[in-house]
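Which chain is which? The protein sequence lines are A and B, in order.
Under numbering that gives the first Met the number 0, the first sequence has 41 at position 42, and the numbering climbs by one with no breaks.
Under numbering that gives the first Met the number 0, the second sequence has 28 at position 29, and the numbering climbs by one with no breaks.
What the hints contain is simulated information worked out from the structure, not anything from laboratory work.
Some hints could be false.
Result set (BS3-like, lysine-lysine): computed pairs, CA atoms no more than 25 Å apart in a straight line [claimed, not checked]:
1) A:Lys45 <-> A:Lys90
2) A:Lys29 <-> B:Lys122
3) A:Lys45 <-> B:Lys131
4) A:Lys91 <-> A:Lys45
5) A:Lys29 <-> A:Lys45
6) A:Lys128 <-> A:Lys172
7) B:Lys131 <-> B:Lys9
8) B:Lys9 <-> A:Lys45
9) B:Lys9 <-> B:Lys122
10) A:Lys152 <-> A:Lys172
11) A:Lys45 <-> B:Lys122
12) A:Lys134 <-> A:Lys160
Computed far set for chain B versus chain A, every beta-carbon distance over 10 Å [unchecked claim]:
13) Gln37
14) Asp39
15) Ala42
16) Gln73
17) Asp104
In this text, all values refer to a predicted model and were calculated from it rather than measured experimentally.
Note that beta-carbon positions come from the ideal geometry of N, C-alpha and C, so glycine has one too.
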Amino acid sequence: MADKTGKDGQNRPLRNSADKSGDDSAAPAKARTMHPPRHLSDRVPKSGGPTPESAILAALNSAEELIEGYQGWAVDDLEDLWRAFQDAADKKAGPADIRQMFDIAHEIRGQGGTFGFPLITAISDSLCKYLDQRKEMAARAGEVVRVHILAMKAVFRQELKGDQGALGRELPKLLAHLRDRADMGGG
Amino acid sequence: MTGYDFSHMKVLVADDSRHIRSLVKTFLSGFGVESVTQADDAAAAFVAFQEEDPDLVITDWNMPPTSGLDLVDQIRNDPDSPNPYVPIIMLTGFTELYRVRMARDTGVSTFLAKPVSAASLYKRLCAMVDDKRAFVRVGRFFGPDRRMAKRSADFAGPERRRA
Chain A
0 MADKTGKDGQ
10 NRPLRNSADK
20 SGDDSAAPAK
30 ARTMHPPRHL
40 SDRVPKSGGP
50 TPESAILAAL
60 NSAEELIEGY
70 QGWAVDDLED
80 LWRAFQDAAD
90 KKAGPADIRQ
100 MFDIAHEIRG
110 QGGTFGFPLI
120 TAISDSLCKY
130 LDQRKEMAAR
140 AGEVVRVHIL
150 AMKAVFRQEL
160 KGDQGALGRE
170 LPKLLAHLRD
180 RADMGGG
Chain B
0 MTGYDFSHMK
10 VLVADDSRHI
20 RSLVKTFLSG
30 FGVESVTQAD
40 DAAAAFVAFQ
50 EEDPDLVITD
60 WNMPPTSGLD
70 LVDQIRNDPD
80 SPNPYVPIIM
90 LTGFTELYRV
100 RMARDTGVST
110 FLAKPVSAAS
120 LYKRLCAMVD
130 DKRAFVRVGR
140 FFGPDRRMAK
150 RSADFAGPER
160 RRA
């Protein structure tokens, strides 16, 4: 394998012939080490900017309005999830239906805690765990999904921001118990 | 005392959630980053990557119908990639170990789990500036050296990779 200098002068790393053929079944491949022609530190001096504390504070202040607006549009995501669930419940839901619910729940999982609602992340994380790799959704599994969605609706309705102490600690355990029981029951 | 000066850094943010994109852009602006380009899927992100040649890429994993892994693979291995060595932060709600390994083995520089906070993002940016790892081509892999510097220096076992 050889590096080739690209038209921009970089030491461009190309795949070797074994890579192209997909044949990597031979003896352990020898590693080739390359050094980036430019480095992020060339663009970012370690001094001259705001202190970490003031940079983070400035970021939080700038984001205040976005974070405050989260609940308004997150409810729409939750409605999308509810509709996907109802569509799935009305028929024999297959992997594509379950994948659609997973994708929405996954988005909600990433956003909840980011925008100040870690309970939403905890509940949607539990739902993602339940839906991930699931091939079909029997009645008992549908009940598990329904409980998760209703729990998220309750969090928004009661505006349960922050980790909520004991509730935040216990909720993942309760949801794990719910998932386990449903699976033991053949859901 | 002052901190890192991010004002000259160009960043590309790829996420299918416009809310997350907006928040990350807002955080970055708060840190002093003046140039942030946004894309909502892997294909649009690679076009933006070619046009803007950013210094750092922050990408989501799940961007149906595309994937952040597609973007990482294209950046690292496509002959038309302007900078295969660009640092890439995978910002995702996928935190299972097998997925972290999959991202690493695709050439991601580091992983940042959602939910994201201003503090966690700032810390990752600083870590990327300080990350002096070489890049490695071995078998099908091309990306930052997957061995952490100190651990690899200490390791002298029989399976130590030949370099």
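Now the hints, each set against the structure:
1. A:Lys45 <-> A:Lys90: Given that 25 Å is the threshold and the Cα spacing comes to 58 Å, the pair is violated.
2. A:Lys29 <-> B:Lys122: 34 Å, violated
3. A:Lys45 <-> B:Lys131: 14 Å, holds
4. A:Lys91 <-> A:Lys45: With a Cα-Cα distance of about 58 Å, the restraint between lysine 91 of chain A and lysine 45 of chain A is violated, given a limit of 25 Å.
5. A:Lys29 <-> A:Lys45: Since the Cα atoms of lysine 29 of chain A and lysine 45 of chain A sit roughly 36 Å apart, the hinted pair is violated (cutoff 25 Å).
6. A:Lys128 <-> A:Lys172: Distance ~13 Å between lysine 128 of chain A and lysine 172 of chain A Cα, so the pair holds.
7. B:Lys131 <-> B:Lys9: 19 Å, holds
8. B:Lys9 <-> A:Lys45: 16 Å, holds
9. B:Lys9 <-> B:Lys122: Since the Cα atoms of lysine 9 of chain B and lysine 122 of chain B sit roughly 17 Å apart, the hinted pair holds (cutoff 25 Å).
10. A:Lys152 <-> A:Lys172: Answer holds: lysine 152 of chain A to lysine 172 of chain A is near 19 Å, not above 25 Å.
11. A:Lys45 <-> B:Lys122: Given that 25 Å is the threshold and the Cα spacing comes to 13 Å, the pair holds.
12. A:Lys134 <-> A:Lys160: 34 Å, violated
13. Gln37: 14 Å, holds
14. Asp39: 13 Å, holds
15. Ala42: 18 Å, holds
16. Gln73: 13 Å, holds
17. Asp104: 13 Å, holds
In summary, the structure is inconsistent with hints 1, 2, 4, 5, 12 from the numbered list given earlier, while agreeing with the others.
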